[in-house]
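Novice: Given next are the chains, with one letter for each unit.
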Amino acid sequence: MSLSFEAFNSDFWYACIGAVLFVVALYAFIVSQPLLKKLLAFNIMGSGVFLMMVGLAQYQHGPDSVPQALVLTGIVVAVAATALALVLLRKWVLSGGQA
Amino acid sequence: MIPLLLIIPLVFALFSVLLPRAPIKLIALPGLVLQLIASLALSVQIYRHGASDYQLGGWETPLGITLHANGFTVTLLTLTAFIAIVCAVYALVYLQRYRHEQRYFWPLFWFLLASLNGIWLSGDLFNLYVGLELLTFSAVGMVALTGSKPSLRAAIRYLYAALLGSLGFLAGVGLLYGQYGTLAIQDIAEISNAAAPTQVAIALMTIGLLLKTAIFPLHFWLPPAHGGALAPVSALLSALVVKASFYILALLWLDLAPEAVAPAAAQLLGALGAGAIVWGSWCAFRQSDLKMLVAYSTVAQLGYLMFLFPLSIGTSAVAAELAWQGTVLHLLAHAFAKAAMFLSVGTLVLALGHQSIKDLAGVSHRVPLALFAFGLSAVSLMGLPPSGGFNAKWLLLQSALLSGQWWWFVIILIGGLMTAAYVFRVFRVSFVEEARHQFAPTHWLLDVCALTLAAAAILLGFVSQWPLQLMQLVPGGSG
Amino acid sequence: MNELLPVAVIGTSLLAAIVIFLLPDAQQRVRSTLNIGAALVKIALVAWMTIGIYQQELFETRFTILPGIDFVLRADSLSMLFAGLSSLLWLFTTLYAIGYLEGSPHRSRFFGFFSLCVASTMGISLAGNLFTFLIFFEMLTLSTYPLVVHRGTEASLRAGRTYLRYTLTGGAVLLLGVALLYGYAGPAVGEFAETGTLREVAGLDTSVLIAIFAVLILGVGVKAAFVPFHGWLPVAMVAPAPVSALLHAVAVVKAGAFGIIRIVYNVYGIEFSAQLGVLLPLAVLAAVTIIWGSLQALRQVELKKRLAFSTVSQVSYIALGVALFGPIGSIGGLVHLLHQGIMKVTLFFAAGNYAETLGIHRIDELDGVGKRMPGTSLAFTVGALGMIGLPPTAGFISKWYLGIGALEAGMAWALGVLVLSSALNAAYFLPILYRLWFKPVRGAWPDEKILAGRFETDPWLLLPTLATMVFTIAAGLLAAHAWSPLSWAILVSVREYLP
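Protein chains in written order, with the working numbering: chain A, 1 to 99; chain B, 100 to 578; chain C, 579 to 1077.
No incorrect hints appear here.
Below, in silico cross-link-like pairs of lysine-lysine (PhoX-like), each with a Cα-Cα straight-line distance of 25 Å or less: (1) K91(A) with K248(B); (2) K248(B) with K37(A); (3) K37(A) with K91(A); (4) K883(C) with K1027(C); (5) K1027(C) with K949(C); (6) K1017(C) with K883(C).
Footprint (simulated), chain C over chain B, 3 or more residues, beta carbon under 8 Å: (7) 479-491; (8) 511-517; (9) 557-566.
These aren't lab readings, by the way, just hints derived from the structure by calculation.
All C-beta atoms, glycine included, are put in the ideal place defined by N, C-alpha and C.
Take the sequences, apply the hints, and build the full model.
Specialist: Have a look at this one:
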């Protein structure tokens, strides 16, 4: 692989940042106790994955609508998942659980 | 024909959301019958004309959504439809005492079916992701249905574990797209190689799917979720939902990227399966709650499915074929047997008013049919003849012999004995005479449902040839 | 028609079982009629098939159950030996059980599983290959467990657990053996053919075959109560007398012995087995069991436990007969399958009568019972004399053939074992007979129930006992008759050695 300055374009950095976010948030997810914190970690992990998906694909093939569409779907799914989790958490706290 | 299998459950889900309570129950059964008919019709079509594809909306890949049906797909579709009908009948009766929950059960039920069908029919990776997410949401919703504190806790745990798994899966999908530029499974299967990104992707997806299938040691979420949910929900979860992520795992390893997976990794998966069998059976044996015993039994039985990998990767074609057949039969037999077991246990709990195993005295006299259904399903789970479970065990044993991997052989035999240990724990108490409590009467339909599924597990032992042949005769059959 | 008969034989009991399970306990007449009716139909079907087998007809039901493996029900001469014994004794045991369980709870459950047991035993006798045999062998375990724990007491449940531990493990070992055999030599080897199928297959390593033989015999040997796997048998005596009679004379132990016969004669073939050299270890194992069982019987204080260890010992006569190479020895083993069944059933029926009528469980309570219950005691006497091997009982015929077979096979030591065993049998049976007839009554009986006025005990209990006693004598006296068990055993043996 020939390393040139153009090779490290913004997509590549997005992908790297995405990977870092994913790993850090994964650690936070596994380690932290409060459920709300886990949810936040999940959201950040999601963002990390999305960045990786678009970044890597576009780094290799240039602007590409397919991964963008996938990420949009993924964001929607993540929002729905977060909503579900929040509803459950709320009921859980209302029943006396620890958040 | 193919899109019908997605349209039917989605339409009925919509109806269930919009309509008030009474019509929901009325439309449930006709809808399910429709789905069963559609599955059978598709099976006949596939049997006659071979595997087929369907592009939704007529758009080609990679932007379009491809649905793919082969012999294995229609087997799973029919299995889903059949178990769904029986569980629905059971739920119609069982949920009469849960009026509030009924409102939400049915829409979730239909979405569950839609997502399952979507996964079985899926022809590309992203569709699988969407299906998995929809499946998760429906399943989590069903687990949390009663809103009690323990079920909320179980649901949150389940949701978090499942979401973590999905992210792993999605990350893998992203990597795969990055390398191959397409998401269609057939296309990737043609050009896949053993490059590093593929291996990383497969690894990520595998971990995510293992989490979703509750394979030891990532099984922590399953017992509270399956053991704490309502009986028909537990049946659907153990019989079908966990199988979906396993199906995807098998698809990845055997179909999508067979070169990228090393035999050593396959042995590791087998070892996890062995761990699941031993640990799950041991925990089941130590349980004092009836439903938790059945839930840990699921953890144990899912371990058998993991033997597919070491027995078919890096071994001869004959051994791989036997392993595949054994795994499919086990999947089918366990689905019937475990659903039957949960339904019969649900009836027992209803009659007894509690879930404690120590206090099952008198059950064999007062609730005999439910106990009998439990017994029949236990026969299949133990792998005793004649049953689908025995045939599956036999095929796996033969495959282990042929490929010289005698250690799986030993684990399978031991697993059968350990299953017998915890199953007969329930039986021996039920033969004790002094009935110390009141027994509530239970509706006969509950028993009929459990017996139907249990009988199906036993009958599968006699008609194993049908699904096996359906998968073999169809080109591209053993997907 | 010939294809349906094997299924019909099993089907009569299966159907009966299903109907009986659904009957409420109180419907005694219907249930009894159904039971007896099904037993009679079965005897008729078995008789029909036996006549057909004699005339070299073929009865086979076959369908493919797994790729490459068939589910086969085939009647051959050996099947009819076992099936005939089972169906006949079933009728008597059913009659006996109806009387024994009069008024006790859960009779529908009992008779339902009873019928399932019959169905499994018929399946075992009619199985045409090892795979089918395995299916019904395990079914037998599952259907006998509820009978062992029927009473629901703590002792029954413990006995049931022990029973399961032994039989399920044995079943797993058998599965191991069958899977190994099929995997190593191909599924065609599992088919039961008259002189064995294994020697047809070329290129098989003999040491592997010997190992597989050991595993297979071990698997069936648990049910056949070989030492040291006989532990379940005495423990299972807590079950009601009809169950003990069933398990010990007809179903479980005989199924194990039958399995040994099938493996040696119809899978490996007697000549091939002799070639492999596995017959001598089998004979030694049988001999050890014979002696050990008899020694343990001497030490028992309870009547049923003594009979249990007697069974442990006697069933190995069959295995010994199988291991003696030569038609005479084989005849001895095969005919003892039948004779031991008839005699043991008689003994257990009598023991059950003593327990039910007078509350007698221990041997030292038997003083003077001969005067109180002469019919039962006469039956017990005949059965005991048969066990010892005195003419003109059936037991004498079996021992005679076994002895000559031992000499013929060049295993004269086996003759010594037989003589020693007869002496031990005498040692533990004769004192009982002495007590029955010659000792005065000690005092009040432990738990007397006046069951039937002038009769010594309920006719349902007495008549089957007397009937099997008559069979015991008849099988010995009329052994030369064309329809005696001996003649049938000779037929089977001849077909094994000269196909």
